[in-house]
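Asker: The listed protein sequences correspond, in order, to chains F and L.
Residue 235 in the working numbering sits at position 235 of the first sequence; the count goes up by one each step and never skips.
Residue 241 in the working numbering sits at position 241 of the second sequence; the count goes up by one each step and never skips.
Quick caveat, the hints were computed from the structure, so don't treat them as lab data.
Do not rely on the hints blindly, as some may be mistaken.
Note that identical chains are pooled: a pair holds if it fits in a single copy or bridges any two copies.
In silico DSSO-like links for lysine-lysine, alpha-carbon gap of 27 Å or less [as the list claims (entries may be wrong)]:
#	residue 1	residue 2
1	Lys396	Lys271
2	Lys271	Lys193
3	Lys249	Lys336
4	Lys394	Lys271
5	Lys193	Lys249
6	Lys193	Lys250
Just so you know, these numbers come straight off a predicted model, no measurement behind them.
2 protein chains.
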Amino acid sequence: MQADLPDFDAYPVIQRIRTAEPIDSGVGVVWDDGLEARYHVFWLRENAPDAETTHPVTREQSLQLIDIPGDLAALSASPDANGGLMVEWSTGERSVYHPGWLRAFTDGAPDPFELPTRRIWAGDLGDALPRFDGPLALMDEAVLEQWATALHVHGVAILEGLPATPEVIETVPERLGPIRVSNFGRVFDVRSKPDADSNAYTSMALPLHSDFFTREYAAGLQFLHCLENAADGGESLLADGFHIARVMKKREPELYDFLTHTPVSYCNKAKDTDYRWSAPMIGLDEGGEVKDVRWAPWLRAPVRMPFEQTDTLYRALRTIFSLAEQPAHRVEVRLKPGDLLGFDNRRVLHGRTEFDPSTGNRWLRGCYVEREELESRLRILARQRRQRQVQAEKGKRI
Amino acid sequence: MQADLPDFDAYPVIQRIRTAEPIDSGVGVVWDDGLEARYHVFWLRENAPDAETTHPVTREQSLQLIDIPGDLAALSASPDANGGLMVEWSTGERSVYHPGWLRAFTDGAPDPFELPTRRIWAGDLGDALPRFDGPLALMDEAVLEQWATALHVHGVAILEGLPATPEVIETVPERLGPIRVSNFGRVFDVRSKPDADSNAYTSMALPLHSDFFTREYAAGLQFLHCLENAADGGESLLADGFHIARVMKKREPELYDFLTHTPVSYCNKAKDTDYRWSAPMIGLDEGGEVKDVRWAPWLRAPVRMPFEQTDTLYRALRTIFSLAEQPAHRVEVRLKPGDLLGFDNRRVLHGRTEFDPSTGNRWLRGCYVEREELESRLRILARQRRQRQVQAEKGKRI
Numbered sequence: 001m002q003a004d005l006p007d008f009d010a011y012p013v014i015q016r017i018r019t020a021e022p023i024d025s026g027v028g029v030v031w032d033d034g035l036e037a038r039y040h041v042f043w044l045r046e047n048a049p050d051a052e053t054t055h056p057v058t059r060e061q062s063l064q065l066i067d068i069p070g071d072l073a074a075l076s077a078s079p080d081a082n083g084g085l086m087v088e089w090s091t092g093e094r095s096v097y098h099p100g101w102l103r104a105f106t107d108g109a110p111d112p113f114e115l116p117t118r119r120i121w122a123g124d125l126g127d128a129l130p131r132f133d134g135p136l137a138l139m140d141e142a143v144l145e146q147w148a149t150a151l152h153v154h155g156v157a158i159l160e161g162l163p164a165t166p167e168v169i170e171t172v173p174e175r176l177g178p179i180r181v182s183n184f185g186r187v188f189d190v191r192s193k194p195d196a197d198s199n200a201y202t203s204m205a206l207p208l209h210s211d212f213f214t215r216e217y218a219a220g221l222q223f224l225h226c227l228e229n230a231a232d233g234g235e236s237l238l239a240d241g242f243h244i245a246r247v248m249k250k251r252e253p254e255l256y257d258f259l260t261h262t263p264v265s266y267c268n269k270a271k272d273t274d275y276r277w278s279a280p281m282i283g284l285d286e287g288g289e290v291k292d293v294r295w296a297p298w299l300r301a302p303v304r305m306p307f308e309q310t311d312t313l314y315r316a317l318r319t320i321f322s323l324a325e326q327p328a329h330r331v332e333v334r335l336k337p338g339d340l341l342g343f344d345n346r347r348v349l350h351g352r353t354e355f356d357p358s359t360g361n362r363w364l365r366g367c368y369v370e371r372e373e374l375e376s377r378l379r380i381l382a383r384q385r386r387q388r389q390v391q392a393e394k395g396k397r398i
Numbered sequence: 001m002q003a004d005l006p007d008f009d010a011y012p013v014i015q016r017i018r019t020a021e022p023i024d025s026g027v028g029v030v031w032d033d034g035l036e037a038r039y040h041v042f043w044l045r046e047n048a049p050d051a052e053t054t055h056p057v058t059r060e061q062s063l064q065l066i067d068i069p070g071d072l073a074a075l076s077a078s079p080d081a082n083g084g085l086m087v088e089w090s091t092g093e094r095s096v097y098h099p100g101w102l103r104a105f106t107d108g109a110p111d112p113f114e115l116p117t118r119r120i121w122a123g124d125l126g127d128a129l130p131r132f133d134g135p136l137a138l139m140d141e142a143v144l145e146q147w148a149t150a151l152h153v154h155g156v157a158i159l160e161g162l163p164a165t166p167e168v169i170e171t172v173p174e175r176l177g178p179i180r181v182s183n184f185g186r187v188f189d190v191r192s193k194p195d196a197d198s199n200a201y202t203s204m205a206l207p208l209h210s211d212f213f214t215r216e217y218a219a220g221l222q223f224l225h226c227l228e229n230a231a232d233g234g235e236s237l238l239a240d241g242f243h244i245a246r247v248m249k250k251r252e253p254e255l256y257d258f259l260t261h262t263p264v265s266y267c268n269k270a271k272d273t274d275y276r277w278s279a280p281m282i283g284l285d286e287g288g289e290v291k292d293v294r295w296a297p298w299l300r301a302p303v304r305m306p307f308e309q310t311d312t313l314y315r316a317l318r319t320i321f322s323l324a325e326q327p328a329h330r331v332e333v334r335l336k337p338g339d340l341l342g343f344d345n346r347r348v349l350h351g352r353t354e355f356d357p358s359t360g361n362r363w364l365r366g367c368y369v370e371r372e373e374l375e376s377r378l379r380i381l382a383r384q385r386r387q388r389q390v391q392a393e394k395g396k397r398i
């Protein structure tokens with residue numbers, strides 16, 4: 001039996017097709033809730049679920065777009081018995097589209113793959129910092145999803161009560177996806193050491209910053225697992241960079257604009273690697289929304305730009321860095337052994353107060369995971385809900 | 001003794017400072033070749049090499065930009081004995097700048113960190129495909145650099161005569177930097193298998209494509225090591241996507257423009273991951289130059305866009321995909337056991353002809369490394385040359 005879907009997802013049937021007819025270069029459809037939609041002939045043809053078009057094992061496309069005749073037309077189009085769409089092509093082939101699938105990809109209909117909306121926070125998040133029971137999250141998929149959702153929505157979440165053992169930093173974040181290996185290795189230890197190759201490995205205060213921005217693509221998620229925290233000082237600092245960008249936009253729109261458009265240089269300092277990248281400090285997506293803040297106060301390279309532009313850049317940097325120093329925009333939290341702090345490294349800034357290594361040990365272990373591993377995990381959890389919904393529908397019909 | 005440089009690089013002294021004087025918000029300098037330059041007060045202050053400004057071990061910045069007084073001014077500025085710059089600050093501090101370092105970061109002077117210019121190629125590269133002796137490249141740093149440079153400049157290079165053993169795919173690419181782990185693992189085996197989770201793992205022909213474009217950040221370099229290639233068919237296909245984009249721009253400027261601006265949807269098809277990303281198929285950098293081509297004929301997701309836009313998209317896609325089918329724009333090469341093919345996955349498209357698994361085995365092992373690992377390696381090799389140059393200068397002076 002051929003698959004009735006061109007992918008592995010599940011599509012509950014909420015709407016059905018009322019009428020369908022061939023139109024110029026496509027098929028026109030009226031859905032039973034009145035929504036009118038047009039589907040392009042190539043769009044329909046290349047997304048047909050039959051075994052010649054969609055590989056039955058991989059569900060990837062087997063038919064190449066350029067192998068579809070340029071003059072392909074729909075000879076007839078009609079609803080099928082399930083409320084899906086049946087099309088007869090000028091080539092003699094026939095394609096059948098599942099109504100749940102077709103509706104999901106209809107322009108103007110809700111997108112089932114959309115993730116929850118992010119919520120920007122100021123320094124008032126403090127006590128409301130999302131915290132979850134670590135061992136429970138590993139056993140109960142619903143708690144895992146709450147944690148993952150908080151990481152996406154707030155850009156920060158803590159799992160509490162995990163063992164304070166070195167392997168936790170690998171096993172828990174990997175529940176979301178593979179760890180991103182960097183020049184600092186797969187996992188890194190944040191404790192003061194004499195041969196430090198990063199300011200992070202000293203006992204000095206670290207102002208708010210984000211990691212990895214000497215690279216084209218900074219890691220999306222950072223995890224820090226607290227093993228020991230007995231030294232005086234060493235409180236963790238957090239701030240929502242998207243919030244700070246928003247404040248900057250309101251107060252200093254011209255400097256904000258400068259930071260979203262002018263590439264700034266970043267470079268790492270090392271004996272055996274030399275990563276350099278230039279990009280605006282505030283990165284915008286296609287729609288003009290902030291997608292990442294490249295907040296690297298001490299890993300900026302000396303900029304090479306005309307003097308007047310350099311002057312504007314320094315005014316902009318000093319303004320935005322000062323905003324992050326204001327208590328109203330930041331949260332201070334002391335990690336306990338067993339806490340796993342996770343945050344969106346392209347959004348949430350982190351730092352620490354100075355600590356005194358003579359008063360006790362402070363040891364955090366860290367790793368990175370991509371933002372899109374979290375997004376994939378959230379979509380799979382949503383897919384599983386849709387699969388259960390489709391199963392329940394089938395049960396009802398029997 | 002304090003470091004005289006704020007980083008670990010080496011800066012041969014080619015020019016020296018002739019005169020220097022304080023100016024409004026900075027220091028004005030005339031170099032001994034006549035170049036006039038202005039350096040901003042904050043730029044100079046935060047890049048000073050002294051131990052309070054630059055951490056002597058990490059060489060990262062210890063002084064925070066916002067801790068520099070807003071009214072800081074240069075009281076005096078003059079050449080020092082080495083031809084560098086000495087500045088006395090209104091705060092009573094004094095900073096000394098190495099002439100080689102200062103010149104390297106001067107707006108308008110040559111940038112020592114610039115990489116060789118890329119060279120775009122058409123299908124005529126065929127016999128000129130850069131090939132190097134694999135065992136020699138691993139022993140001789142000069143050959144390693146030739147290989148790495150070819151990978152950067154042409155976006156493709158082959159190491160020949162390596163052992164046809166499974167571990168080579170890990171040990172050789174790691175000479176450039178860490179392997180990028182993906183949902184396909186650290187290393188993947190390309191051979192036909194019955195439970196294929198990608199079209200790559202069947203015996204079907206694979207039209208030209210690039211990998212990973214269901215992800216926000218596609219891997220920059222792909223390596224394919226040939227272990228066996230005894231089956232009929234299975235020739236490797238390569239094309240320079242930057243060349244094809246250029247041809248498209250010339251022949252169909254409006255459709256080209258559409259592809260550089262309109263986000264297209266990509267998604268993987270899998271039971272346990274769901275990566276989705278939308279981005280224009282031709283990605284441009286800040287300067288409007290092509291930086292990557294997202295060439296994923298069979299991993300595009302069904303687009304959701306207005307009908308007229310869908311129509312334009314399909315015209316554009318069919319045009320550009322057809323260009324890649326023209327023999328004039330592609331190269332066909334048969335890999336031998338022991339060959340390691342490397343290419344820039346964000347630039348060079350790859351594919352294969354169909355093979356018949358009943359006539360013999362075909363087995364490639366692959367992995368990914370980021371483009372910027374290669375760039376870092378090239379910069380370190382250039383740094384080592386500068387270090388030898390500086391050593392030679394010191395030798396001459398003795």
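Asker: The structure should be examined with respect to each hint, and the outcome stated for every one.
Answerer: Outcome of the hint check:
1. Lys396 to Lys271: between (66 Å within a copy, 25 Å between copies)
2. Lys271 to Lys193: within (17 Å within a copy, 44 Å between copies)
3. Lys249 to Lys336: neither (36 Å within a copy, 58 Å between copies)
4. Lys394 to Lys271: between (62 Å within a copy, 21 Å between copies)
5. Lys193 to Lys249: neither (40 Å within a copy, 54 Å between copies)
6. Lys193 to Lys250: neither (42 Å within a copy, 57 Å between copies)
Consistency with the previously given hints fails for numbers 3, 5, 6, ordered from lowest to highest.
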